[in-house]
Amino acid sequence: MRPVPLAAAFALALAARPALADPTPEPSDDTVLLQSAVSKLHDGRPGEAIADFEALADHGVVDASVSFDRGLAYAARVRAFGEQPGDLGQAAHGLLEAKNLAKSRALADEAARALGLIRAEVGRRRARAGEPVEFDPGTALGPAFLHLLPEDGWALLAIIGSFVLGLALFVRRAATERRSQIAASVTAGVAILLLALGTTSTFAARARRATVTPGVIVTAGARPTDERGLVLASAPVVPEAAEVEILGHRAGWARIRWGKLVAWIPAGSVRPIAEPP
Amino acid sequence: MSVARGWGLFTALLFCALLVTRAARADEPEMSASVDTQRLGVGEILRLTLHVASSRAQPSRPDPGSTAGFTVVGSSSAPTTQVTINNGRMTSQRGLDVAWSLRAEKVGAWSVGPVTVQVGGQSYRAGPVRVVVVPASQAPPRAQPDPFDPFGGGPFGGGGPFGGGGGLDPFKSLMDSLNGRGGSQYGTDPKLALDAPLGAVAFLHAAADVTSVVVGQQVTVSMYLYTDASARDPGMLDVHEATAADFVKRTLFEDDNSERSTVRTTVGGRVFNVRLIRKWALFPIKTGDLTVSAMELTLQKSRATGDPLRQSEVLTIHVTEPPTLHRPPGYVLGDVGRFTLAADVTPRDIEQDGAIGVTLSLDGTGNLPAMITPPAQTGIEWLPPEVHETVGAKDGDHFGGTRRFAFVVRIHKSGDVQLGAIRIPFWDPARAHYDLARAELGTVTVRPSATPKSTADQPPDPLVALPDVRAQMGGTRPAPGRLAEKRPGLFVLALTVTPLAFFLFAGVSGMVRRMRARAAERAASPETELRTKLSLAERAARDADARALSAATARALEAATVVYADVHVRDAREGEALQRLLDAGVEEWIANQVETLLAECEAARFSPDAPLLEPARKRWTQARGTIQALRRGA
Chain P
-18 MRPVPLAAAF ALALAARPAL ADPTPEPSDD TVLLQSAVSK LHDGRPGEAI
32 ADFEALADHG VVDASVSFDR GLAYAARVRA FGEQPGDLGQ AAHGLLEAKN
82 LAKSRALADE AARALGLIRA EVGRRRARAG EPVEFDPGTA LGPAFLHLLP
132 EDGWALLAII GSFVLGLALF VRRAATERRS QIAASVTAGV AILLLALGTT
182 STFAARARRA TVTPGVIVTA GARPTDERGL VLASAPVVPE AAEVEILGHR
232 AGWARIRWGK LVAWIPAGSV RPIAEPP
Chain L
212 MSVARGWGLF TALLFCALLV TRAARADEPE MSASVDTQRL GVGEILRLTL
262 HVASSRAQPS RPDPGSTAGF TVVGSSSAPT TQVTINNGRM TSQRGLDVAW
312 SLRAEKVGAW SVGPVTVQVG GQSYRAGPVR VVVVPASQAP PRAQPDPFDP
362 FGGGPFGGGG PFGGGGGLDP FKSLMDSLNG RGGSQYGTDP KLALDAPLGA
412 VAFLHAAADV TSVVVGQQVT VSMYLYTDAS ARDPGMLDVH EATAADFVKR
462 TLFEDDNSER STVRTTVGGR VFNVRLIRKW ALFPIKTGDL TVSAMELTLQ
512 KSRATGDPLR QSEVLTIHVT EPPTLHRPPG YVLGDVGRFT LAADVTPRDI
562 EQDGAIGVTL SLDGTGNLPA MITPPAQTGI EWLPPEVHET VGAKDGDHFG
612 GTRRFAFVVR IHKSGDVQLG AIRIPFWDPA RAHYDLARAE LGTVTVRPSA
662 TPKSTADQPP DPLVALPDVR AQMGGTRPAP GRLAEKRPGL FVLALTVTPL
712 AFFLFAGVSG MVRRMRARAA ERAASPETEL RTKLSLAERA ARDADARALS
762 AATARALEAA TVVYADVHVR DAREGEALQR LLDAGVEEWI ANQVETLLAE
812 CEAARFSPDA PLLEPARKRW TQARGTIQAL RRGA
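Line by line, the protein sequences give chains P and L. Counting along the first sequence from 1, when you hit position 1 you're at -18 in our numbering, and nothing is skipped either side. For our numbering, add 211 to where a residue sits in the second sequence, where the first one is 1.
Since the hints were made in silico from the structure, they are not lab data. For each residue, glycine too, the CB sits at the ideal point set by N, CA and C. Please note that a few of the clues may not be correct.
Short, incomplete list of chain L residues facing chain P, as computed with Cβ under 10 Å [unchecked claim]:
no. : residue
1   : Y335
2   : G541
3   : A587
4   : L594
5   : P673
6   : Q683
7   : M684
8   : G686
9   : T687
10  : R688
11  : R693
12  : A705
13  : T707
14  : T709
15  : A717
Residues from chain P that face chain L, not an exhaustive set, calculated with beta carbons under 8 Å [as the list claims (entries may be wrong)]:
no. : residue
16  : D33
17  : A38
18  : D39
19  : V47
20  : A61
21  : G147
22  : V171
23  : L175
24  : F184
Take the sequences, apply the hints, and build the full model.
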């Protein structure tokens, strides 16, 4: 290689280095939009701020702070006498999403506290209207059991069960004393139970995650119907800001579970909660 | 109490009673029924029509009641819906128009009706009416209608005996077409030509201007009635409108009953009269492949018509969302068209806590938004608006017009208050991009209130304790580990490695044990012993040790009798070996040979002199032959 071009290239690289290593990156469109939304919210213009926050959601931005601010923007519109139907539900949705997405414990706690205030206000209004104020009707036994451990917790339990089972079998084989053999047999039995429980629960949790999406009611209540769209007279109205599980969709309708109630509601009444990417 | 006061009290009570009665009747349906004549001849058609409108429920199950003296020869019904927005309150009325054709059969004075209809589970009635049927020769002159046209004869505008009068016939234009009473402005339109008729004599044809749109974009659907120009006018018994449940349906005709001209076209080589009987603007409300059902009518059955049912095509419209790329903030799905927005704010100078009027005029074509979200601000209270609209066909086939939103806005803060701007983003399908209708509301000067409100007057703010917003993105926590999904191989391996290791170990050790046992078993078998003895004999033959060779030959023979004849001859005395072999079925000569060789080997082994090698080798050769013979015999 000729030395002169190499030196020139090296000099060019040196000259270009400061420009390439510029430590102040250009703010992205989404960052600008967020700053604009926050600024409008501080200026007391929640309606315009909501439009910006929703535009961020349309852009696919999944961020705990953005969800938190969006929830507060809807709440601010309620406080500014500009409430639109479903604003409290939208506020609850943003805050619940922030709680689920939050990286920091502080933000999650703050979102949970704010969510409590929003639900208290919805409850107060429903109580004034003589409607039931129950938001959480409890969970069915199966899902409640699966919630005892995270999905990987069940997987770990299954692996531990498997390991102990193998170990117990070795001991059982090698042991010569009767007492040791009995102890190993009992341990193997318990390990088989752990292995079966852990494996079953892991796959059940995985299937549930793939088919069930959490959501929040974002209209002033959702009246449950059957698959033909006929109102279930005996079922209570699912209140605004209530957390539900979305089990499926059909044209214009969403199948939800709320406590033990499984029913169809208009798809626009429920907004799914974003999951961490 | 004076007589005058008594009369006053009585009048007041009567007035109150009337008011109460009127209020109670406010919920009752409006109902009117009529007949086209009260005197007709035998064989003539009497038209009985019913119009019902209710704000409570959809009227249903109409019944003409008693029709003694008549025969019902046809009927047709059409549900109607009317929506009114007044002072921000939307009211809707659902109605039903029904017409029956009754053919007079017997002379006499007959009572027709009462007509009944069900509304919200309750039955309502109108009539009955007296109709006199005279012999055909004495019948008063009247326009002779088509006997199979239940809407013919013009009962829908004339005052009937029930006093209802103004009935509405949604199919009048259609019926007129079928009965040749439509407009007579004949032209020709090759665009309406079809390859083949969809039915004999008359048929319906539906056409949509586009088949792929976005949510909220107008689809113009036209419904044509084709009638064979050379055939007799067909009568019609029943009509059902097309339904479009997944669309907002607006008519583009000012009046569906108005006369429209007929054009001629050729279908399959025949000349047909074509009349446009319906034209709708449909606005899809969701995505997917949405359908517009068929419009149906039933012709009078005749040889020419064949199956009298006529159905238009079912239309399928593919509906998607407008693109998310460059979608402006605040865009509401369904806002599609071309809009302009104007605002009028008055007054511009008020006292604190006073109110101003903000009138927003949204003008344009397309799916005009039914609601405008005001720019909520702290200290500015927007009350629900009054909405007035003037919409219909505009610029040809486009649906549009003006919708006015009259807001009352209360301002609770003082100073120069910026009201902000109203922004309505919309998707313009003609130009395939998003656009914005925007109106600046400007500034209102708000003078401080002369009587400031005390804080006690303010309603408590239940959300005052909400935290402040975050100005920066904070990211999200990582998605929880999903070992079973992301690393299924590793998960299965972790689940199975220890038990598998055990079973592998147990299997291998068992296999080794079994192999060892088998080897040991093989080592102790007669066959193995025979092979050993044979090999020892061979070695002895090579080593030139006559005594050892004799011994090895004897051992080989003994082993061979065990293997091939299952006879032990080692401990046999003289002659005994022969007998045992014969008892075991060994051929005699072989048995003799064995006996002889064993005896010679014994003699050679225990001879005091050193045995000779050559006879020993010879015996060994003979012994091998004998062993072969034994094997063959076995």
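Broken hints, numbered, in rising order? Hint check: 1, 17, 22 and 23 fail, others pass.
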